[in-house]
Amino acid sequence: MSYELKVDDKETTDRAAGLSQGLLGTAADRPEGVLKVTGRATYAAEDMPEGTAFGVLVRAPAMGRVELGNAPAVEKLPGVLAVIHDKRMLRNPAQGMAGEAPVQGVAEADYVGQPIALVVAGSFEQARHAAEVMEVRCLGEIRPVSPGAVEPEVPEKKQSSMGDLDAAMAAAVHKVDATYSTSAMSSAAMEPHAALAWWEGDKLTVRASLQMLKYNRAELADSVGIPLENVRILSPYVGGGFGSKLGVSPEVVAAAIAAQQLGRPVRVVLNRRQVFETITRRSETEQHIRLAADGEGRLTGVGHDALVSNLPEEPFSEPVTQATPFNYEGAARTIGHRVARIHRPAAGSVRAPGEAVGVTAFEIAMDELAVAAGIDPVELRLRNIPAEVPGTGKPFSSHMLAESLNDGAARFGWADRAAEPRARREGEWWIGSGVASAFRVNMLSEAEARVVLGPEGAIVETDMTDIGTGTYAILGQIAGELLGLPQEKVEVRLGDTAFPPGSGSGGSIGAASTGTAVWLAAQEVRAALAKEMGCEPDDLTLKDGRATCGNISRDIAELISGESLEGHGHVQPGDASSKVKQATFGAHFAEVAVNDVTGEVRVRRMLGSFAAGRILNLKTARSQCHGGMTWGIGMALTEELVHDRRDGHMVNRDLAEYHVAVNADVPPLEVHFLEERDPWTGPMQVKGIGELGICGAAAAILNAIHHASGVRLRDLPATPDKVLAGLEELG
Amino acid sequence: MQIDLTINQKSYSLELDSRVTLLDAIREHVGLTGSKKGCDHGQCGACTVLVNGRRINACLSLAAMHDGDEITTVEGLSDGELSPLQAAFIKEDGFQCGYCTPGQLCSATGMLQEISEGWPSHVSDSLDGPYELSEAELSERMSGNLCRCSCYPGINAAIRSVGEKA
Ligand code: FES
Ligand code: FES
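Chain order of the listed sequences is A and B.
For the first sequence, the residue numbers in full-length UniProt numbering are 1 to 731.
For the second sequence, the residue numbers in full-length UniProt numbering are 1 to 166.
It should be emphasised that the hints constitute simulated quantities derived from the structure, not laboratory data.
Some hints here could point you the wrong way.
Said to hold, decoys possible - Cβ pair distances, simulated, as ranges:
#1 B/GLU135 <-> A/ARG40: 30 to 40 Å
#2 A/GLY64 <-> B/SER134: 47 to 57 Å
#3 B/GLU135 <-> A/ASP416: 21 to 31 Å
#4 B/SER116 <-> A/ALA402: 45 to 55 Å
#5 B/GLY42 <-> A/GLU488: 38 to 48 Å
#6 B/LYS10 <-> A/SER553: 46 to 56 Å
#7 A/SER561 <-> B/GLY42: 53 to 63 Å
#8 A/GLU728 <-> B/HIS122: 23 to 33 Å
#9 B/SER126 <-> A/GLU600: 15 to 25 Å
Claimed, not checked - In silico DSS-like cross-links for lysine-lysine, where the CA-CA straight-line distance does not exceed 25 Å:
#10 A/LYS203 <-> A/LYS87
#11 A/LYS619 <-> B/LYS91
#12 A/LYS489 <-> B/LYS91
Here a beta-carbon is modelled for each residue, glycine too, at the ideal position from N, C-alpha and C.
Looking at chain B on its own, in the form it has when it is part of the complex (with noise of 0.2 Å):
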């Protein structure tokens, strides 16, 4: 079937196997290997990225869902120049294999989004924002990334050090 797909900016058209995963259309199809495979099934938060604005986890979505979908991966989040994210991740050492970090870059993108716009979390107080990026806000709301290499600390550090400023 064909699927259409503007990931980064750019158009694609694909003519996909209907059981295609976004994540395999993004990987194998259009050659964007940014995006990581940790569990193919929605427990790992490796595959994550934005969806029209929104974080999630690719591996759990078809690609015939998204036609007409607005996608940006870990190589759209800068362009030439490095994210302040990204190089506050380089400075915190939030990473160490790197391998969850395409998703955790990804998913504090979408996150920080959704705490300026007042979505409540888990551990929020009341469900009427605002929210401050806490440190309980901010681990809850990371924690559908898993990092097994543990660099949790260095990850909040560099999300806390861009959150703060935006």
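For reference, chain A alone in the conformation it holds in the complex (with noise of 0.2 Å):
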């Protein structure tokens, strides 16, 4: 049997209001933890077979009809098994859900740093060196790599327009009209992409580093040729996905065919420059925003139009203007969105696709209205929330955007704030602060889950995967919730699949999909020892390990007598999303300071008002949004993936000269949850948290560099050479 829901409608009542156990929403500690912090938690490149043989992939110099000129004499080196060079090697990983093979071939590059050939050996040294010694020409013409360089798609389905954008413009009392970039930025999970595979018969095992198995699975599958029945995937831990392991990637296919060819495990693991070059990048944006106000700052027209680029023949294209249409007043908007097929490394999702730079932007063009207009930036704000999304009508199926701005407001101080810029100076540096609003659209995703309830405790299963975003607390807590056990009588296996297909890591979609299935597994347990009480499910009162109904009260080992029961959770988004716009909503809050002399930029606090449902685990759901906020950091002021305008190859293709936030650029950050339900998200009232953090969290800090300094700057990241330029400006 299986609980099923679709979620079509709301569900107003508080369905967690009537258990018992108190886990859900406590800052329960990680179940893993222990694992993670003694070194046994195993990762995918871990736990090898007897008689693993070690892979290393070879980068393409250049572009074109590749020609392995040594191969021969490289298979004779020491210790080398294969050089392998076989046409369903992967371009680029697969895109999120894709769920088939991305593009494949390696006899062509399309980009420079491309896989084309895997060389095994032995040991990894003489894989490493023998990859190392390949000769690869690439004999083809250098393509174009700026966006600038060619005429950009312009896909019809994602142009959009109602009123008159340019009537509103001319009618404005005060107006923005200006054009922000962004960088390409790279998810750099701490763990490198790995995978390590073999082959009993026709069935393919693969250890790997990846975020949404079931996709997996069948992009695996369709990428060797077999059968989906025949791959099974196990990711129990993962070092950070961020987007970049949603899709099968290069190295997971190159192991099962080398596995395959040689009849032996094959281990591949990416070095540091593979996962920045091979693994897919985010997007540079160029973005052209015009906002039309009357004389109270009242959004009259939004026009916001987007530059993106990938690779030929990938579907995924950075959806900037994601959260435009609902963002704010406007009756009059225009959305726009162009694609620049160029041959860059390919892009793909990073945490937040669309509104981790789209949001940003915005903000500061609505900074930059506050400033044209004359009023505090959060009062503007707040001026233009719509009651329903502009044009059509539709609720929000729930929407706290004011409360997280009053409420983030309150708690940073804003009201001592300066309303000029450049009013605080501490010897060299300018002080200033800044506000952004935290925009980012909630989904639902198909997912199913078991529970199994014995003697002993619960079981979930699912193939889910824990990327660090506390997968393992939250499912156990939604289990022991329900069947009355507290957490560490609940074991939570993810990342194998063989159990029932999760919706996998990515889009925040994990804790209110695959939780619900969970839910609802569990659920089915529950009735089950309704009937074994004699009462209703509703009745019941489960607690401590104990089943209470009425004045029965008996032990649930008992009451189950030394057998199991098992429940299977399925759910699916129903026509809930076509009734009500589901989104999460936030505030940031920056104080920066500014060197008049150097134009560094430190970012001294942060704070964040956030409404996102339900929220689960606050240890993990804060420790999410620090997550979000401290790569707003990354985005605001360092991080900036640079492509050769030549070859288009990526130049600074490491930790050491790509430049995510340390320790050191992270100031005290608070977070802060808004109470609040969800009555459109499934019984849970839950929304998505992974990557709200991050939207809009840039704009922030740009916005306090100008309160700060005077200087507006439109095109991140905010270096120091760029607020040089700006202050010299000033003069």
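Bring the two chains, given one by one in their own frames, into a single complex with the hints.
If you want it as structure tokens, here you go:
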């Protein structure tokens, strides 16, 4: 049996309120924490079977048809087992939720750095050496590598317009018309992508570092050319993803092919430079934003046009304007989207694809409008909160932007802020503060899970992953809450495609989707327990291993008399998403210091106030927000992938040259969650929280830079050279 | 070549290719995979271990340079029970994915030792200690260990809770 739910309508009763264990919403520790702090959690490349051989990918130094000049000689080097140049190998990873092979084939290099062969040897050192001495030639012209060098595609479905924006701009009392740009960025998850593959007959098993196993299984089967049932993927621990592990990637397919060819296990781990080059990046963006407002700062028109890039044939393009249709008032609205097809490494989803960069640019523009209109930037936003999605009549499922702004402003001490920029100076440093709203669409995805209740406790099983997000914790909390068990009595097993298919981790869908599947599975077990007790499930109280119904109370283990009860949950998105607009909202506040002499910017403190429905675990949710806000610091100040102008290769493709925020870059971060229930997201009334923290965070910092120093930057990141040039202009 | 190492108080005699790094010797040849490889180039700190009590990036060092050395990895930080620092990392949520965590823990252990011995850092006011475990000192001294999940608030709270008791 299975408990099924299609989320078509709202659920206004708080169904968690009748539960007694008291686990939901607490700051419970991560149950896998002990394994992680003692070094016993095993990631993809670890736990090697006997006889594993080692593969190292070889990169294309240019573009065009690939020739491996000395492959026969390399195959004779000590320890080398094979040079593999197979047409099934991948050009770049599959895009999120593709469920089929991405572009395959390594006879041709479409970008500099593309994997074109795999060298396998008996030891890692032998394989690495052999890969280094491979003579690779690419016989082709250099193709366009800069967004400005090509006529961009204008996908019809991604253009929209209502009202007359030009007329609104002409009639506006206050307006902004400016172009903003954000740099290409890298996820740079700490665990490099890795795969360890072996075959038993025609069955393939791969340990891999991936986020969405049910899709990855299909992508891998399709790439290798075998039936889905013959593929098993194991990803019990994933060392960070942030979108970079959504789709099956080149090392996974290469390891599977090599293991098949050699008849022994093969491990392929990307080195850090390969992670940068062959794993999807966030596209750079150029965004033309127009805001028209009346004398009170009320928006009458909004224009947002984005130019992004990707390789030919890639279906993904950074959805920059995703929040623009619903962020603020504005009857006239024009949204544009253009894609430059260029030969830089593939672009794909990186934490909060779309809003991370789109909301950031828009929120800088809102700050410019506040300055132009002489209205406090918090107040300007409050004046423009729409009652429904503008122009559509569609209501919001829940909407707490105003509350977030007010709550954040009060806690941050916004009232003490000087209205004018350049009002506060400490020695060489200009001090100022900025605000930005946070928006992120909320999505539900199909998910299944199994819950088995036995005499010792419960076991939750799904192929869902925990990429650091806290899945192990929250799924255990949900099952424990419904079954009346303390968290240590619930074992959560993840990351194995032998388990029921969860949603996967990505797009902040995990908690609501797979969490609801676990909820349903546990409800089925509850119903069976109620039957044993001879009462209705609603009249059943389960707490600390005891079942109570009226004046009967029994030990759960005794009640099931040594047997086990199994429940299966299955949730699917339904009509809810067409009836209402679902999103998460928040407000970012930042205080910065800008050095008048060097142009250096230091973030002194940051505060975020967020509303994302019911928060399942305060501790892990807060950490997710810390992560997003810190990525905002990186985006604002240091993160920038540099591509060579001639051949598009990634110049700063390692952690020494690509600067993610380090400990000393991150000031105290304050995170607050507003009490919210979203009735349209299923019985738990939760929404996703993994990405909201980055959306707009960088804008709060850029706006603070302007408030501190008077320098308005529209080109991210705000590196010292740009800040200095701005300071010089101000004199 | 033969290399003798003591890892977490256990002796190992290894026959290794001269190109094997200390990190790969520990992970692949001894099989202690707690120490992580984030970059293999000294850029991230995931591979931090203690060599004769001092923290180093094990990926930047060849195993051959450590014949006879005493090495402590994350697996050696506790003995049955969690160490106070490990327990504090769980309590303060000083990790998410956990991949940088072994390096953070070894690094913090070495760092607390360095500060107690009066070693200055880039942000110290003078070259003569003693030094307080101020926010600035802590952050500066831990900045060789990247955490892309960005758990710095939890990492620092955990280290501070232990450092202040020490
Ligand atoms: S793996 Fe050694 S510093 Fe990154
Ligand atoms: S916990 Fe993921 S990188 Fe630190």
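Hint check:
no., hint, verdict
1, B/GLU135 <-> A/ARG40: 30 to 40 Å, "holds, 32 Å"
2, A/GLY64 <-> B/SER134: 47 to 57 Å, "holds, 56 Å"
3, B/GLU135 <-> A/ASP416: 21 to 31 Å, "holds, 23 Å"
4, B/SER116 <-> A/ALA402: 45 to 55 Å, "holds, 50 Å"
5, B/GLY42 <-> A/GLU488: 38 to 48 Å, "holds, 39 Å"
6, B/LYS10 <-> A/SER553: 46 to 56 Å, "holds, 52 Å"
7, A/SER561 <-> B/GLY42: 53 to 63 Å, "holds, 59 Å"
8, A/GLU728 <-> B/HIS122: 23 to 33 Å, "holds, 29 Å"
9, B/SER126 <-> A/GLU600: 15 to 25 Å, "holds, 23 Å"
10, A/LYS203 <-> A/LYS87, "holds, 21 Å"
11, A/LYS619 <-> B/LYS91, "holds, 9 Å"
12, A/LYS489 <-> B/LYS91, "holds, 19 Å"
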